[in-house]
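Enquirer: These are the residues of each chain, in order.
Protein chains: 4
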Amino acid sequence: MIVILKPDADLQTQNRLIDWIRSQNVEVQLAQGQRQTVLCLLGDTEQIDAEQIAAWRIVDAVKRVSEPFRRSGRRAHPQDTVITVGTARLGGGHFCLIAGPCSVETEEQIVALAKAVKASGAQMLRGGVFKPRTSPYDFQGLQDTGMALLKLARQETGLPIVTEIMGIGQLPLFADVDVIQIGARNMQNVELLRAVGQMKKPVLLKRGLCATLRELLLSAEYLMTSGAEQVILCERGIRTFDDYTRNTLDLAVVPMLHELTHLPVIVDPSHATGAAALVAPMALAAAAGGADGLMIEVHDDPVHAKSDGAQALRPKEFDALARRVFAVREAARG
Amino acid sequence: MIVILKPDADLQTQNRLIDWIRSQNVEVQLAQGQRQTVLCLLGDTEQIDAEQIAAWRIVDAVKRVSEPFRRSGRRAHPQDTVITVGTARLGGGHFCLIAGPCSVETEEQIVALAKAVKASGAQMLRGGVFKPRTSPYDFQGLQDTGMALLKLARQETGLPIVTEIMGIGQLPLFADVDVIQIGARNMQNVELLRAVGQMKKPVLLKRGLCATLRELLLSAEYLMTSGAEQVILCERGIRTFDDYTRNTLDLAVVPMLHELTHLPVIVDPSHATGAAALVAPMALAAAAGGADGLMIEVHDDPVHAKSDGAQALRPKEFDALARRVFAVREAARG
Amino acid sequence: MIVILKPDADLQTQNRLIDWIRSQNVEVQLAQGQRQTVLCLLGDTEQIDAEQIAAWRIVDAVKRVSEPFRRSGRRAHPQDTVITVGTARLGGGHFCLIAGPCSVETEEQIVALAKAVKASGAQMLRGGVFKPRTSPYDFQGLQDTGMALLKLARQETGLPIVTEIMGIGQLPLFADVDVIQIGARNMQNVELLRAVGQMKKPVLLKRGLCATLRELLLSAEYLMTSGAEQVILCERGIRTFDDYTRNTLDLAVVPMLHELTHLPVIVDPSHATGAAALVAPMALAAAAGGADGLMIEVHDDPVHAKSDGAQALRPKEFDALARRVFAVREAARG
Amino acid sequence: MIVILKPDADLQTQNRLIDWIRSQNVEVQLAQGQRQTVLCLLGDTEQIDAEQIAAWRIVDAVKRVSEPFRRSGRRAHPQDTVITVGTARLGGGHFCLIAGPCSVETEEQIVALAKAVKASGAQMLRGGVFKPRTSPYDFQGLQDTGMALLKLARQETGLPIVTEIMGIGQLPLFADVDVIQIGARNMQNVELLRAVGQMKKPVLLKRGLCATLRELLLSAEYLMTSGAEQVILCERGIRTFDDYTRNTLDLAVVPMLHELTHLPVIVDPSHATGAAALVAPMALAAAAGGADGLMIEVHDDPVHAKSDGAQALRPKEFDALARRVFAVREAARG
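Chains as they are written, first to last, in the working numbering: chain A, 1 to 334; chain B, 1 to 334; chain C, 1 to 334; chain D, 1 to 334.
These are calculated hints, taken from the structure and not from any lab test. Quick caveat, the model's predicted, so the values are computed rather than measured. Hints should not be assumed to be uniformly reliable.
A pair counts as met if it fits within one copy or between any two copies, since identical chains are not told apart.
[To be verified] Think about it this way: if two alpha-carbon atoms lie no more than 20 angstroms apart in a straight line, the pair counts; the simulated EDC-like pairs of lysine to aspartate or glutamate are:
(1) Lys-201 with Glu-107
(2) Lys-151 with Glu-317
(3) Lys-118 with Asp-49
(4) Lys-63 with Glu-51
(5) Lys-63 with Asp-243
(6) Lys-115 with Glu-67
(7) Lys-151 with Glu-107
(8) Lys-151 with Asp-178
(9) Lys-6 with Glu-46
(10) Lys-6 with Glu-259
(11) Lys-200 with Glu-330
(12) Lys-316 with Asp-19
(13) Lys-63 with Asp-138
(14) Lys-118 with Asp-319
(15) Lys-6 with Asp-44
Could you put together the complete structure from these sequences and hints?
Expert: What follows is the structure, encoded as structure tokens:
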């Protein structure tokens, strides 16, 4: 940790600050410039709260050299984590297509879609039963009924299921879900992170709309310190000034996260773009850019989908895309 | 609602779309341009899910003319809502200073600060007991113990208390809290919004770091459809590219929200700027710009504060600021 | 163009507004909702300045249905534009690698790099001679001397050259340049756009750091109304809250622009990421996502590069990447 | 300057880097942590190009401790700069209202408005004659004719004039202008900054839509190293995700800039908000928050304004606002 003092910092306060830092069992080394003094903190600096140092008025800025990614960080765990769910594998060289409708609607719909996406090469089935909606007046998902239908589709196809949890009140319903999804809006819902972590199941953690990578990884830390070991990170677009697409797909975080963490990273091009015509090019881009998997929305009748129809591919479109995705991935590995 | 069709939309699909919209009991009026056709939807369009229309591939864009702000909107409720808590009043011409430490730490601390801020003109006491922290390794608040201390400070001073809830598991502890705060990270935690709404107490709802005003008001709708009537909206800075301040205070939303909603709007200059030196100018700016109140962090020993010391004012600084705030507010009213 | 009136718009002013619009030779159709009135403007609405309508205080919002992309728009020119420079072709199915150093430094450097990138499959040579720098105290490019060296490298290899112009005072030096680059900082420098357009040469127009696609295409319109016909659009990253990469590569604009315009679209992964380790994955992603070309910085000694060394690939790295890029592009086409 | 090395940095390369830094006449001090090594560079580090160090692959990050604000920085020039133009003074405790129409349109218009704003307390007259427009098809200003009218209004009222220059080709027309404005789109037009700097006149430099404060001050450095001494900085809103206002007024930069620089800082609430109803509250907020002046658009017939009518105040509205602004400013000073 680096502490940059203000040019007019008085020596007495500076000494009191240094004493306080040393009282935290951290070593301090001074670098005295022409105009400013810099303190280099050495040792176990991760347990120090940067804000407490920033509160000293002689302090101009505090910069962390190393981040407290104790469980998610590469350093702690150099080998890639591989998620194994049934026959599906994700991460560490294993690529996984996750597909299905935005919302589970009827038995026919979800079973037919599950069979279709499996035939195209998908290894997991997605389907929302609790839907996070901006407005209380929009469709909120089939809930318990939807969960039963989703499990039926699993039974019919053998595909593991991924579905989103929206609060701790729904936990009992998720005991039998293969991969529990935490959505972008709940990425920093600490109560939910802790409770889901305690279930010790695979978790798919979506990046919040304006979350930094640091925040994403610290949310993974909440899951992992609570017991989860198999955490999948998911880039699904961020919010920027750009108004031509629903969100801005931030694809460079895929290789960046691979540097920072051993956890697998997937991409959701459906939510990232919000438009079916952009899903295929961005799915291909993500595969070429090193993603460990893709989560794609598929619907046989997008116009009558209960949610997000505008971004759903039809099964035939998904099938054609899947083949190109696998080919691109091979080509990109060189 | 306005539906803009693509230039190459075929007539047959167009007619199917119009039939579908009319089947929702909404009237459709066509405007046929040289190159494009626009559908104007008239009637009770708020119950239509814009996404379902956007899913038609002949649709280029869907634009809402009126928003589903059924309870929070000005139209539904032209008079300003006035929040009354004990002797404090907020909104509809009543200005309210809310002050106190970021975190409740000790009995001495919170009681002394409560007395100090009351003497300076604050009408409510803030103090965090559950702290939303990005990292699981940072101080998480005194929790139950802190709540007891906060209530003690209320007893000593008569000031109503405002404190943040972080999940439904904490609800029993909040039965006796005067104003329940929902923080920026939980602005779209639907489970929490619904449960807090059912308590029918005043709620202070903070704007998420990248929430639009539409999203903020729709979160207020979740609270209000669940039973809350007294909702205070709080601007606390948004996340932008700008890296010189912790967040970017978006002050123009104050008059903008006053146009859209009857709910009172306050500003938190402490979190918006993250730096004590910027709190006073931004508090004055917010008062001049029409805010119905301010929430300001005060600490007698910022350097040893358990959280956010860098943005805390000392009681003396707060006292001087409060006087200027009241004067500016008078002057701004002209 | 759609004009949404305020709910309380008085009829008299409304009629004056309609008369004024009709006086501009545009037809107006009214859609009267329960609460609000919407005007649909039909005919040649592109000549109407939306701001003039927005200035009426009874107007709530003005939304354009069609954009004034008269020369750059797909509608005006459905066929892809193909840029032809020497033996290089770009757009309409032709993919082009542009490579070279950030700055031209010495004869040996630029000639060796030109030969190397040509051997790896690059079809154009890039090299900065006028460098746009944030600080006046940083290296500003070799200028006239650099231009001579760049042309020498062209002579040695036959590769057409692309280099950035920073102001109209430099125009005479650019008479013999194959593709004139306008950088992100100058994307809205109208004087420069007009003057470069008059040269009737191919232009590489980089998207500004916070430019919308609408703004990018309207800058292309400035070039095209002045005489340029061959305009290459370049995505090079936008500025967002994300602080782990230099900029945020906004790759979804590639397919989006292909919908809106007939002009070719390339990607600059070097400036978009600012880090050599991210250049290869993002170059592959861009190729898979449908870019018509890539512009990549290559340097044989990044550590001693005069600018942007951190994002430069070494010639060997570029060679390996180029092979994967070509393979990915083939695979992505399916 | 702080250089953080990667955890796996090899000692040999580390020593080569240190030797290279020392060869630049800068001292290096090592801080060796458990996992990472940090180099503190001491001495005249401002002449070192951070990018050149970042290009070493053993380097993880480079952070500047002090910025190269040689002429604009507080350190170089602790006293506030006061701009004096005719009888108007701005900065160092002097507050200045600048007002007038977005565009100069007719003699009657500009002369009447000049008289009106002067009567309300404005000390300078603004009026655009060259208009930077996103689209080449929108009104571009009256140009030479407009300049003559603006000077006529100056003659009639004695008010100094502020107007925007858009390129070096217009320089001769600006020899007699009191304050030359450089607009947001040209904030990093280096050719223009240098040429305007050489005129040694007062300059009003607007912050770019996504410019950091560092970039704004370095653009001021371009002006100042070229000869300008009297530079006024102007906050006019930044571009964010927020879509309810035209731009996001970033008011906290006013006190932040006052810390960093001795140059005066004004605010343009008209462009920042784009809506007349928001101009007054934001003007009051800026005055309370410490701005040294305001630039406000006034038009006697906004509906027929040639540009930006939606954000123009009528003279009567401006008059009422001016009185409140002066009162708020007094109150805020405490």
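Enquirer: The structure should be examined with respect to each hint, and the outcome stated for every one.
Expert: Going down the list of hints, with the structure as the test:
Proximity of Lys-201 and Glu-107 under a CA criterion of 20 angstroms is satisfied in neither setting, with 26 angstroms inside one chain copy and 41 angstroms between copies. For the identical chains of this complex, Lys-151 and Glu-317 are neighbours neither inside a copy (25 angstroms) nor across copies (48 angstroms), given an alpha-carbon limit of 20 angstroms. Taking identical chains as interchangeable, the C-alpha atoms of Lys-118 and Asp-49 are never at most 20 angstroms apart, the minima being 48 angstroms within one chain and 30 angstroms between chains. Taking identical chains as interchangeable, the C-alpha atoms of Lys-63 and Glu-51 lie at most 20 angstroms apart whether they share a chain (10 angstroms) or sit on different chains (19 angstroms).
For the identical chains of this complex, Lys-63 and Asp-243 are inter-copy neighbours only, at 13 angstroms across copies versus 33 angstroms inside a copy, given an alpha-carbon limit of 20 angstroms. In the homo-oligomer, the alpha carbons of Lys-115 and Glu-67 never lie at most 20 angstroms apart, since the shortest distance is 44 angstroms inside one protomer and 39 angstroms across protomers. For the identical chains of this complex, Lys-151 and Glu-107 are intra-copy neighbours only, at 10 angstroms inside a copy versus 52 angstroms across copies, given an alpha-carbon limit of 20 angstroms. For the homomeric pair Lys-151 and Asp-178, the shortest alpha-carbon distance inside one copy (10 angstroms) is at most 20 angstroms, but the shortest distance between copies (44 angstroms) is not.
Taking CA atoms no more than 20 angstroms apart as the test, Lys-6 paired with Glu-46 passes between copies only; the shortest distance there is 17 angstroms, against 23 angstroms inside one copy. Proximity of Lys-6 to Glu-259 under the C-alpha cut-off of 20 angstroms is restricted to the inter-copy arrangement: shortest distance 12 angstroms between copies versus 33 angstroms within a copy. When the C-alpha separation of Lys-200 and Glu-330 is checked against a cutoff of 20 angstroms, the pair qualifies neither within a copy, at 33 angstroms, nor between copies, at 42 angstroms. Taking CA atoms no more than 20 angstroms apart as the test, Lys-316 paired with Asp-19 passes in neither setting, with 68 angstroms inside one copy and 27 angstroms between copies.
Taking identical chains as interchangeable, the C-alpha atoms of Lys-63 and Asp-138 lie at most 20 angstroms apart only when they sit on different chains, with a minimum of 16 angstroms there against 44 angstroms within one chain. For the homomeric pair Lys-118 and Asp-319, the shortest alpha-carbon distance inside one copy (10 angstroms) is at most 20 angstroms, but the shortest distance between copies (38 angstroms) is not. In this assembly of identical chains, Lys-6 and Asp-44 lie within 20 angstroms of each other by CA distance solely across copies; the values are 17 angstroms between and 25 angstroms within a copy.
Comparing the model with each numbered hint stated earlier shows that hints 1, 2, 3, 6, 11 and 12 do not hold.
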